[in-house]
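> One letter stands for each residue in the lines below.
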Amino acid sequence: MSYPLPVIIFLIPFLTAICLPMVGLKKRHWCRPLALIAVCAMCVAAVVNLLEVLAHGETRYAFGGWPISTSFPAASIGVEWVNDPLASVMLVVLSSLASVCLIYSGPVSPQSLGSRVVLYYTLILMLISGLTGIVLAGDIFNVFVFMEVAALSAYALVGIPGGRALIVAFRYLILGTLGASFYLLGVVFFYAATGTLNMADLAQQLADKPELMTSKAVIAGTTFMFIGFGIKMALFPLHGWLPGAYTRAPDAISPLLAALMTKVALYGWVRIMFWVLGAGAEIGQIHVLSLLGVLGAFAAVVGALLALSQQDVKRMFAYGGISHVGLILIGVSQGNQTAFAGSLFYLINDAVMQAGLFFIAGSAIYHHKAQTVDDLASLRGGSPWMIGGLIVLALSMIGIPPTGGFFGKWHIILGAIEAHNYWAVAAVIIATILTMAYFQKLFVRIFRDTHLPSDVERIETHPSIRFSVAVTSIAIILLGVCSDPIIRFFRDIAVSAGM
Amino acid sequence: MIEHIVAGLQRPNFVAFVILFLWGFFVMVTHPNLVKKLIGMYLLQTSIIFLLVTIGAKKQSTVPILQAADAAAIATHEVDPADYANPLPHVLTLTAIVVQVATLGVSLALVAAIYQKYGSLDEDEILKRIE
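Protein chains in written order, with the numbering used here: chain R, 1 to 499; chain X, 1 to 131.
Worth flagging that the hints you see were computed from the coordinates, not collected in a lab. Watch out, some of these pointers could steer you wrong.
Stretch by stretch, here's where chain R covers chain X in the computed footprint (C-beta under 8 Å, at least three residues) [claimed, not checked]: (1) 5-13; (2) 41-54.
With a cut-off of at most 30 Å between alpha-carbon atoms, the simulated DSBU-like pairs for lysine-lysine come out as follows [claimed, not checked]: (3) X:LYS59 with R:LYS209; (4) X:LYS128 with X:LYS36; (5) X:LYS117 with R:LYS209; (6) X:LYS117 with X:LYS36; (7) X:LYS58 with R:LYS369; (8) X:LYS128 with X:LYS117; (9) R:LYS441 with R:LYS369; (10) R:LYS369 with X:LYS36; (11) R:LYS216 with X:LYS58; (12) X:LYS128 with R:LYS216.
Simulated DEER-style distance windows between Cβ atoms [what the hints assert, rightly or not]: (13) X:ALA68 with R:LEU113: 54 to 60 Å; (14) X:ALA102 with R:GLU282: 34 to 40 Å; (15) X:TYR84 with R:GLU52: 37 to 43 Å.
Since the structure is predicted, the reported quantities are computational estimates derived from the model, not experimental observations. Note that the Cβ used here is the ideal one computed from N, Cα and C, for glycine as well.
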């Protein structure tokens, strides 16, 4: 009897997404409460699941009772879902951020939807269930399917406002499909070389037969998979779709996309890198991890530089996200426990920070029509909630001690020093200074600009916006305060990943 | 060089895969017309499915379903796996086709909306009309 809670966590948003159009046919205003209840229920189930995993260790779910990787000596032919500590933590992060995003989306959602509001919430729930599937999937083909479920919903959601958003959504679709196709090609090569799709089984085979690692099929498969995930996680030279998509997407959707899409793709790559290929994997003569480190360092620095040169606030935060993906990759690629734990911790922080920043950018547009950095001066007359939230999140993005961002960066730097990669330390520090520079640009506009009249009328911030900004700001401080046990927990995961 | 060509000629399916893949990729990236971009995308996805079918093909094998007439063979464990094709690549093919069709549906809907809004399918023309 397999432990079914992970499957229930997936089914809650998925079944609700299927039922919503039926309910919405008669009662359109029921959709939002129903979606909210579903995601909150998912959140509670994810927390219960995390406690369960912490108490009793990892579980694996075999669909249809077919033999999976744990049912040795039978060959694993079934579809398997892995519910290990890392996946359960990701589930909690994913579902809690999704519920906060859904609470936030109430007032900000596009007003012109009419009867399509039913489909809007269906798509959001589909996106969430697709991401849940990627987190839990224990075989590489399922990752592909769920990646497409999430991505197709995301394309449609980005295109909602019409006009230029359609063009951006189309570009996102072309590049996203290219990424998924590369990933599928990688899966085909892996299957041709090993005859299995199950991650644990693949890892076993690659460990048992070292000649497989140098075979052309596995090298090609690894390369194509990495390019596929690289497009999905917006790694620097492949990031073309991200800034436009996040800027033009509805203000209610961009926090959800920014917080989860790239992070879950990054999680998928970490899973394949450490749980399938192993930390010492090489393609050709090149050590995969050192290649990742170089790419990550480029992404961290160039992403922050591009963010500095932006005028549009949402676009600036989107480039900030690209820079942070690079930072996380630097940490992952050092190959020691400290940096690995630090970067996974930073991944969670980054998801929270991105959500919070896009909450603020979206509500600045909603309340003050402030789209560019110059318009932000009007925030000064606005709510202290938004300014306060922005300050806390900026401290975390830069990395100042009481916030979570500091501890993530600190451990990444410590790990890089431990691995004697001083150029990686330099990249992290340069990215930090550039991050400071672009927040400086924002704050100078908000606090120092005396050209605009200071008697901007006070606008009462909508309660759900206040709530979501407050939750993300408090969460980021709490993550910083409780960083010690969380990092220790990730260190244990690093040990189980073979470091 | 010559041995590479000979090796390629012995595996015509793989050569066809590479040609289709690169052709689709080229059309998808360079063509300014949005619908032709989609045709390129479709070609690229189809080439990957073609590769899946190629590695799943097996000469002189049949579908892996045991019928009542095979009962005697099952009882005496005389079923030879070499006589049956591996069903998994074909199942993957079906799933990949479903994903491909869904992607194509979403993308055509987007293209239709773009055409309604800007009255053109040419990328350069649309960018000009935005400005």
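> Which numbered hints turn out to be false for this structure?
Numbers 1, 5, 7, 10, 12 - these are the hints that the structure violates, sorted from lowest upward.
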